[in-house]
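Top line first, the protein sequences correspond to chains R and C.
Sequential numbering from 1 applies to the first sequence in the working numbering.
Sequential numbering from 1 applies to the second sequence in the working numbering.
Because the hints were derived from the structure by calculation, they are not lab data.
Nothing here was measured: the structure is a model prediction, and the numbers come from that model.
One or more of the hints may lead you astray.
[To be verified] Now the stretches of chain C that chain R is said to cover, found in silico as 3 or more residues with beta-carbon under 8 Å: (1) 68–77; (2) 251–259; (3) 285–292; (4) 460–467.
The beta-carbon is built from N, C-alpha and C at its ideal position, and this holds for glycine as well.
These are the residues of each chain, in order.
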Amino acid sequence: MAEKQNSDKKSHWLDKENNVKKIIWALCIACSLSIIADLFYHKHTHYAAEDWIPGMYGWYGFIVCVFLVLSAKLLRKILMRKEDYYEEAEDD
Amino acid sequence: MTELPPGLLLIVGAVIVPLIPRVMRNAYMLALPVIGFWGLLIIPEGVHFSFDIFGYTLSPVRVDGLSLLFGYIFHIAAAISIIFAFHIKDTAQQMAGLIYAGAAIGGAFAGDLISLFVYWEGTAIASVFLIWSSRTDAAYRTGMRYLIIQVGSGVLLLAGAIIHFKEAGSLDFTKMGLTGLGPALIFIAFGIKAAFPLLHNWLQDAYPEATITGTVFLSAFTTKLAIYALARGFPGTEMLIWIGAAMTAFPIFYAVIENNLRRVLAYSLNSQLGFMVVGIGIGTELALNGTAAHAFSSVLYKALLFMSMGAVLYRTGTVNWSELGGLYKSMPYTAGFCIVGAASISAFPLFSGFISKSLIIAAAAEEGHWIVWLMLLFASAGVLHHSGIKIPYFAFFQHDSGMRPKEAPKNMLIAMGLAAFLCIAVGIYPAPLYAILPFQTNFVPYTTTHVVTQLQLLLFSALAFTYLIKTGLYPPALKSRNLDFDWIYRRLLPHLLKIFARTLVSADRKARAIFIDRIDKIIAGVFRHHGPEGMLARTWPTGSTVLWVAVLLAIYMVVYFI
Chain R
1 MAEKQNSDKK SHWLDKENNV KKIIWALCIA CSLSIIADLF YHKHTHYAAE
51 DWIPGMYGWY GFIVCVFLVL SAKLLRKILM RKEDYYEEAE DD
Chain C
1 MTELPPGLLL IVGAVIVPLI PRVMRNAYML ALPVIGFWGL LIIPEGVHFS
51 FDIFGYTLSP VRVDGLSLLF GYIFHIAAAI SIIFAFHIKD TAQQMAGLIY
101 AGAAIGGAFA GDLISLFVYW EGTAIASVFL IWSSRTDAAY RTGMRYLIIQ
151 VGSGVLLLAG AIIHFKEAGS LDFTKMGLTG LGPALIFIAF GIKAAFPLLH
201 NWLQDAYPEA TITGTVFLSA FTTKLAIYAL ARGFPGTEML IWIGAAMTAF
251 PIFYAVIENN LRRVLAYSLN SQLGFMVVGI GIGTELALNG TAAHAFSSVL
301 YKALLFMSMG AVLYRTGTVN WSELGGLYKS MPYTAGFCIV GAASISAFPL
351 FSGFISKSLI IAAAAEEGHW IVWLMLLFAS AGVLHHSGIK IPYFAFFQHD
401 SGMRPKEAPK NMLIAMGLAA FLCIAVGIYP APLYAILPFQ TNFVPYTTTH
451 VVTQLQLLLF SALAFTYLIK TGLYPPALKS RNLDFDWIYR RLLPHLLKIF
501 ARTLVSADRK ARAIFIDRID KIIAGVFRHH GPEGMLARTW PTGSTVLWVA
551 VLLAIYMVVY FI
């Protein structure tokens, strides 16, 4: 289906390794800023942990995401089958 | 007459679609939800068109804040889905889409359980044609499973309604709570369509098999009608908090490893429904407003995401993670719209998810459900992975797949553009949406605390993604199928049935063998005595007969004298 177009020859901004690095750096800076921002305003919170730990949402987000992806990866060992797993059974 | 039963226009309008010439058909179909929407603006609140039948009072149209909100978003979703399907020439699909949307709208306004049942089954029967229209064997089988489950939900609803009528003496569809067998059956019926955990697989089974345009319709109506029904019938039912929390969390593990990106979206839709179910379970005004608002915004961003993946499927013939990549180079608009949908579902500030999901999370925190609150935050961070980043990144960026498909057709771009516009508009200016919520609210989503904490959550989740990709820990794309609960009825039960049938057949064979053996022996015995060589089959001379008669007579006389 893929149709070649003249855009194929055009170089894209994201094709350059350097620019991808720039994005990652920007993300790191944004993360730091979001933590630093915690120091400059009065937080309206429901739970004590939100006050104790600066950037609690950030740490929590990072940890649960790593947990989510790695445990999902482990689940593959139990759950993963061939792509046509059900089709074989149903064709019987 | 100024008022029209909501939804009926789309259903009746669908019936005459085949009579409309093709050049006018798109305009005609689009006009139906537009006029229907206008009808909602002028219909007064209250109960309309009530009538008595066999001693029951039915009220097919009941207009209040909650029904209106779902009515509005269903009309908008119908209009967007119709534009997205402008290129379709298949009359059956066109009719199915309209009837399906009309039935869902009607259901949201049903004032009694019997009317609700009629619309409930209407959505089931109309929508299955959007799956069958794929015209593949797999879609046919999926459609059959889907239909059985959906119609089964309707049967439970009807049974529950009848029992509820005997118990409570009323068919009115109002708040009932889990107060007896009737409401319990109705609860399960709603739970099936809302894709509760373990009742959910029809969704992940059906949505990826439906047609490109059909999935956009499907994503909007069935599950949201169920959310509406739960919010109407079971607000404040505590069990729903836990069901909902489980629903937000477990589908996202599947979403992370699933290969078919439309199925990823189905899992993430399931997780989003969990947020709404939690809101219903908490049942405070803030929480129920949150559920209504989140249903509204999720219809938009989910339709947008399914449209963008539909456009990819339309142009490349696949939506598999393992085959895509680099499409932004030739489909930049679709990529852009997909990113808007991704940002909305991830609840970035200025996008629709942010101003709706936060009501539910705030309600959970306010009511002191801290475990649930942590689970909701987990799902909020997770959604960035499986929908916010995975969908746009692996389809449009990552490594270059070499595919250079054309940009999506104009009608698809317009539909995606409309949905994207609404996602951003609602995100930036939520006041009109807040104004139509079922309860008055003065909730302010854009506080410094909320914006900063949400950005922390999302930015660090994105950082986690970057970390996992850069270190190679992120699971690779694999052509695969992951077992879910549907394995029970697609593999285990058929397998057990086969074993059962096999043992039955062999037992039957043995029983027959023994029986036949007996008959053989009897026949052999009879043959021995009566056969050509048999004692009893000999021809005896008359003399011996006379002798035997004499013997019998003698015995008779002896017996007589004794």
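Going down the list of hints, with the structure as the test:
1. Coverage of the region 68–77 of chain C by chain R is violated. Counting CB-CB distances below 8 Å, 0 residues qualify, and the rule asks for three or more.
2. Counting residues of the region 251–259 of chain C whose C-beta sits closer than 8 Å to any C-beta of chain R gives 6, which meets the bar of three, so the coverage hint holds.
3. Evaluation of the coverage hint for the region 285–292 of chain C: breached, as 0 residues show C-beta separations to chain R shorter than 8 Å, against a requirement of three.
4. Counting residues of the region 460–467 of chain C whose CB lies closer than 8 Å to any CB of chain R gives 8, so the stated coverage by that chain holds, three being the minimum.
The structure fails to meet hints 1, 3 from the earlier list, while all remaining hints are met.
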